[in-house]
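*Asks:* Chain B: place on chain A using the hints.
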Amino acid sequence: MATTKLSDSGTRGNKYENLSADNNYMETIASTLVGAGGATSITFSNIPQGYKDLQIRTLGRSQRSASQADELYMQINSTSLTKNHYLFGNGTSALSGSATAGWAGIQAASSSTAGVFGASIIDILDYANVNKNKTTRSLSGLVTTNSEMYLLSNFIANTAPITSLTFTCSGSNSFAQNTRISLYGIKG
Amino acid sequence: MTKTATYSLISSQSVSGVSSMSFTSIPSTFTDLKVVFVGYDDAPLIRIGFNTDTGNNSVIMLMSNASTATSAGYGTPYIYVLTPDANAYFTFSVNVLDYSNTTTQKPWLSRCDISHGAGGVTAAMGNWRSTAAINSIEFATTSLTMTGTFKLYGIEAYK
Numbered sequence: 000m001a002t003t004k005l006s007d008s009g010t011r012g013n014k015y016e017n018l019s020a021d022n023n024y025m026e027t028i029a030s031t032l033v034g035a036g037g038a039t040s041i042t043f044s045n046i047p048q049g050y051k052d053l054q055i056r057t058l059g060r061s062q063r064s065a066s067q068a069d070e071l072y073m074q075i076n077s078t079s080l081t082k083n084h085y086l087f088g089n090g091t092s093a094l095s096g097s098a099t100a101g102w103a104g105i106q107a108a109s110s111s112t113a114g115v116f117g118a119s120i121i122d123i124l125d126y127a128n129v130n131k132n133k134t135t136r137s138l139s140g141l142v143t144t145n146s147e148m149y150l151l152s153n154f155i156a157n158t159a160p161i162t163s164l165t166f167t168c169s170g171s172n173s174f175a176q177n178t179r180i181s182l183y184g185i186k187g
Numbered sequence: 000m001t002k003t004a005t006y007s008l009i010s011s012q013s014v015s016g017v018s019s020m021s022f023t024s025i026p027s028t029f030t031d032l033k034v035v036f037v038g039y040d041d042a043p044l045i046r047i048g049f050n051t052d053t054g055n056n057s058v059i060m061l062m063s064n065a066s067t068a069t070s071a072g073y074g075t076p077y078i079y080v081l082t083p084d085a086n087a088y089f090t091f092s093v094n095v096l097d098y099s100n101t102t103t104q105k106p107w108l109s110r111c112d113i114s115h116g117a118g119g120v121t122a123a124m125g126n127w128r129s130t131a132a133i134n135s136i137e138f139a140t141t142s143l144t145m146t147g148t149f150k151l152y153g154i155e156a157y158k
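Chains as they are written, first to last, in numbering that gives the first Met the number 0: chain A, 0 to 187; chain B, 0 to 158.
So here's chain A without its partners, still in its complex pose (with noise of 0.2 Å):
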């Protein structure tokens, strides 16, 4: 099995410092940041195929009205995603269950406080190679009245390399002013 080293130090209080990426080990590819007209969808296409792995970083609010929250679904290379699942708490219980495939985070909605926003963190790890199926993982939630947070995976059988990434809210909703969706690539 081949190894890798970490660390010359393997002192005390150093030892596993090193398990921290390095420095710059991710690049930006691109970012949207929602204006006051809202948008019914945000879509990163000609993904570079040069990384290990893709992030996407969100902080995401809906138009949904009468509602506190709203889902915040992702589609690769404008195909949905065929399986999902997720681990919820809610500062009460947490349960596990599966939802819609290609729900991907939790945001805020209308009925959410001015100015408060989910954050969902979702990996995408080999996006690029040929012979795996693509799956994701989310960690998101939203602290609002009813606060919730998942760590989310999805599931597409297609080892095509992922091009486009497609975001969008639950039914016709929009997405509000202010959320961003960032994508960054990882460098293997």
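Just so you know, these hints were derived from the structure itself, not from any lab. Check each hint, because a few of them may be wrong.
Chain A stretches covered by chain B per the calculated footprint, using a threshold of three residues with CB under 8 Å from any CB of chain B [said to hold, decoys possible]:
#, segment
1, 22-30
2, 80-91
3, 133-141
4, 147-156
5, 174-182
List time: in silico BS3-like cross-link candidates among lysine-lysine, alpha-carbon distance up to 30 Å [stated by the list, open to error]:
#, chain 1, residue 1, chain 2, residue 2
6, A, K82, A, K51
7, A, K186, A, K82
8, A, K82, A, K131
9, A, K186, B, K158
10, A, K82, B, K158
11, A, K131, A, K51
So the derived label-pair ranges between C-beta atoms look like this [said to hold, decoys possible]:
#, chain 1, residue 1, chain 2, residue 2, range
12, A, K51, B, L143, 36 to 42 Å
13, A, S163, B, T3, 17 to 23 Å
14, B, N86, A, T158, 42 to 48 Å
15, B, T69, A, T144, 20 to 26 Å
In this text, a Cβ means the ideal position worked out from N, Cα and C, and glycines have one as well.
*Replies:* Just chain B now, kept in the frame of chain A:
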């Protein structure tokens, strides 16, 4: 499309036997912040704080130990509420999104992995109910036991 390297180390601080530590004078030039801790702490919790304000916080947490998954909510911004073994290393990371934005409140996401003793895996989602730009971050525990290294990284979005 111009690619820009990011995930830049802003500060690294090693501490030994302290009850708190702070990153101060954080530059506002990045989009997100990430803090990585590797070390140990015998106390059963560590909390985060922003701009010396320990109020105006809410956090919900998902926790799993060897047998059950639970969720809890707090008004104190805890990263974890577990009891690590004495002098046993663990790690946590905290992501603070849009920390210098002055129009949105400040949500943060954390993961903590304590794989020994009465530990477990924790994920937390917090919100500092302020639109002020974050210029300092504090980590505090309940006794003089926090030992390890904190690294603060800045992550910039594409411009």
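*Asks:* Need the list of violated hint numbers for this structure, in ascending order.
*Replies:* Those not satisfied come down to hint 10.
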